[in-house]
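Under the working numbering, residues 1 to 52 are what the sequence shown spells out, in order.
Take the hints with a grain of salt, since some may be wrong.
What the hints assert, rightly or not - Straight-line Cα separation of at most 20 Å, SDA-like style, residue types lysine to any residue; simulated pairs:
{"id": "1", "residue 1": "Lys-15", "residue 2": "Ile-25"}
{"id": "2", "residue 1": "Lys-21", "residue 2": "Ile-5"}
{"id": "3", "residue 1": "Lys-38", "residue 2": "Ile-22"}
{"id": "4", "residue 1": "Lys-15", "residue 2": "Leu-32"}
{"id": "5", "residue 1": "Lys-38", "residue 2": "Ile-48"}
{"id": "6", "residue 1": "Lys-38", "residue 2": "Phe-49"}
{"id": "7", "residue 1": "Lys-21", "residue 2": "Gln-33"}
{"id": "8", "residue 1": "Lys-21", "residue 2": "Arg-9"}
{"id": "9", "residue 1": "Lys-38", "residue 2": "Lys-21"}
{"id": "10", "residue 1": "Lys-15", "residue 2": "Asp-31"}
{"id": "11", "residue 1": "Lys-15", "residue 2": "Asn-27"}
{"id": "12", "residue 1": "Lys-21", "residue 2": "Asp-31"}
{"id": "13", "residue 1": "Lys-15", "residue 2": "Leu-26"}
{"id": "14", "residue 1": "Lys-21", "residue 2": "Tyr-11"}
{"id": "15", "residue 1": "Lys-21", "residue 2": "Phe-10"}
{"id": "16", "residue 1": "Lys-38", "residue 2": "Asn-27"}
{"id": "17", "residue 1": "Lys-38", "residue 2": "Ala-50"}
If you are wondering where the hints come from, they were derived from the structure by calculation, not from laboratory data.
Just so it is clear, the structure is predicted and the values come from calculations on it, not from any experiment.
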Amino acid sequence: MVVNITILRFYNCIKHAIQHKIIEILNRLIDLQGFFNKIVVCFIFINIFAFC
1 MVVNITILRF
11 YNCIKHAIQH
21 KIIEILNRLI
31 DLQGFFNKIV
41 VCFIFINIFA
51 FC
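Given the sequences, and given the hints that come with them, work out the whole structure.
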């Protein structure tokens, strides 16, 4: 019985760590997407002013 509880706790700990890592990776991807969107918008404005 004690072994089963220990295994379940270990499994839950690993599961929680993996979920945390996935959330962290998704947050980084969202931040990168925002960064690239800013760069694209800057280039669009530069091109608009260059052609005017």
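Now for the hints, and whether the structure bears them out:
| no. | hint | in the structure |
| --- | --- | --- |
| 1 | Lys-15 with Ile-25 | 16 Å, holds |
| 2 | Lys-21 with Ile-5 | 24 Å, violated |
| 3 | Lys-38 with Ile-22 | 25 Å, violated |
| 4 | Lys-15 with Leu-32 | 26 Å, violated |
| 5 | Lys-38 with Ile-48 | 15 Å, holds |
| 6 | Lys-38 with Phe-49 | 17 Å, holds |
| 7 | Lys-21 with Gln-33 | 18 Å, holds |
| 8 | Lys-21 with Arg-9 | 18 Å, holds |
| 9 | Lys-38 with Lys-21 | 26 Å, violated |
| 10 | Lys-15 with Asp-31 | 25 Å, violated |
| 11 | Lys-15 with Asn-27 | 19 Å, holds |
| 12 | Lys-21 with Asp-31 | 15 Å, holds |
| 13 | Lys-15 with Leu-26 | 17 Å, holds |
| 14 | Lys-21 with Tyr-11 | 15 Å, holds |
| 15 | Lys-21 with Phe-10 | 17 Å, holds |
| 16 | Lys-38 with Asn-27 | 17 Å, holds |
| 17 | Lys-38 with Ala-50 | 18 Å, holds |
Violation of the numbered hints given earlier is confined to hints 2, 3, 4, 9, 10; the remaining hints are satisfied by the structure.
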